[in-house]
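Note that our numbering numbers the sequence shown so that position 79 is 79, with each residue one more than the last.
Note that these hints are calculated values from the structure, not bench results.
Values in this document were obtained by computation on a predicted structure and should not be read as measured data.
Don't be surprised by glycine CBs; every beta carbon is placed ideally from N, CA and C.
Wrong hints could be hidden among the right ones.
Label-pair restraints from in silico Cβ distances [said to hold, decoys possible]:
1. 388 to 318: 47 to 53 Å
2. 356 to 135: 41 to 47 Å
3. 141 to 189: 15 to 21 Å
4. 322 to 34: 36 to 42 Å
5. 394 to 142: 57 to 63 Å
6. 347 to 187: 39 to 45 Å
7. 222 to 293: 53 to 59 Å
8. 388 to 317: 50 to 56 Å
9. 306 to 128: 43 to 49 Å
10. 131 to 347: 41 to 47 Å
11. 128 to 381: 35 to 41 Å
12. 138 to 323: 18 to 24 Å
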Amino acid sequence: MWGQPDGLDTNIWYGGTEQFGQQSIFDVAKSYGMNTAVIGGSDYPTGHITDGNVDQITLGKNINGVPTQWVTEVENFITAHASNPNGFLIYMPITEAEGRSVESTSPDDASSQGLYQQASSWDDQAFGLLQTWLQQNNYAGNTAVSITSDEAQNDHTSFDNFYGLGSTGQGTTRHVPFVLSGPGIVSGQTYGTTMGIDDMSTNYMYSIGLPAPVDSRGHVIANFFTSGGIPTPTPTATNTATPSPTATNTPSPTATATNTPTPSPTVTSTATATPTSTSTSTPTAPPGSNLVQNSSFEASSSAWVNGGAAPPRRSTTQAHSGSYSLKLGYSSAQQGDSTAYQLVSIPSGTKTASLTFFYSPASNDSSTYAWQEADVVNSGGTIIKQLFRNSTNDQTWIQMSFDLSSYAG
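Build out the structure end to end from the sequences listed, making use of the hints.
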């Protein structure tokens, strides 16, 4: 759909040959238990995903036609599959809705200027119709829409040089966005600095509260999004859902990601007994109790659930106290993320509860794509609150503490 290097996982440029071994936005979504659907035009978008990498997505649809026909087909597709995916990504290059090839309407070609301007106007009309329909039918909250330029508007030189290809034209940073619309995206924001294709997957994943693919070289444009950058997903309301703090979540997606030892997380509670009219008192945790099992990592315990492309390891090489710490990430090679979490139930009646831990961040990566993160997730694994996200190379122990009192019960 866009290019391989931005982590969206397509075979646009290399005929299906995987050159970068990338993780896609669809891989990320699947790792969080999400189903995904992609809707695009007829030239590049979903055709280049589904023919070479059909396992990456649940649904794909190529649509072609004048604006009203295009919008109608998109609406029909969403209606037919609304119960299947968690959300939709609608991708519309600026000339695709009219069935024109990008080459025939290049803004760099004087002979096609009229066609390009006409196509831009038609796509603006199509976007307006579609956005109104999404809002009226309550799909706007889980649908992202991108209107992008066509390939001739973008200089591929910097991309080619980055991957050692030279200015060969073998790759091109085409399809730069004109419009982004979706959950968590602020209306009316503009961005005057150059925005490349590599920014697309990063910003879309940021808007729904998921990490960018490990291969994405893009930059989050913070003012595009609601306060705090990542909106808080709303978990399904049930009587038994139990939010649980994760000790750390330290993706290390770049070639220079380094070890991040993380020892001794603790969730402590100060309980207050709840008066009742019966002789049975409300059970509460003793004040000051540590609810996290094996919080010092001294034991080889199954209480912690480790995951990611580079699962965490207990280590004796750098401990804050005691003999062990938990190392997340790798010191070399592009390994992907490391995660560690534990399900914790904070008793009803708890007056205060906090998550406290020490971590030692280390990275020699100059980009923002090796970071350290801690989240609160529910029992289904959905992030309901991001506690912090840093990209630092402090190489010293830092104490973090967060109030989790609101999750009692």
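Comparing the hints with the structure gives:
1. In this structure the supplied range 47 to 53 Å is violated for residue 388 paired with residue 318, their Cβ-Cβ distance being about 21 Å.
2. The hint said 41 to 47 Å for the Cβ distance between residue 356 and residue 135, and at roughly 43 Å that hint holds.
3. For the pair residue 141 and residue 189, the supplied restraint of 15 to 21 Å holds, since their beta-carbon distance comes to about 19 Å.
4. Look at residue 322 against residue 34: about 38 Å separates their beta carbons, and that is inside 36 to 42 Å.
5. The hinted range of 57 to 63 Å is not satisfied by residue 394 and residue 142, whose Cβ atoms lie roughly 37 Å apart.
6. Range check, residue 347 to residue 187: about 42 Å between beta-carbon atoms, so the 39 to 45 Å window is met.
7. Restraint check, residue 222 to residue 293: a C-beta distance of roughly 37 Å breaks the suggested window 53 to 59 Å.
8. The hinted window of 50 to 56 Å between residue 388 and residue 317 is violated, with their beta carbons roughly 25 Å apart.
9. Our hint of 43 to 49 Å for residue 306 and residue 128 holds, since their Cβ atoms are close to 47 Å apart.
10. Between residue 131 and residue 347, the C-beta spacing of about 46 Å keeps the proposed range 41 to 47 Å intact.
11. Our hint of 35 to 41 Å for residue 128 and residue 381 holds, since their Cβ atoms are close to 37 Å apart.
12. Separation of residue 138 from residue 323 is about 54 Å and departs from the stated range, judged on CB atoms against 18 to 24 Å.
Hint violations for this structure: numbers 1, 5, 7, 8, 12, all remaining hints satisfied.
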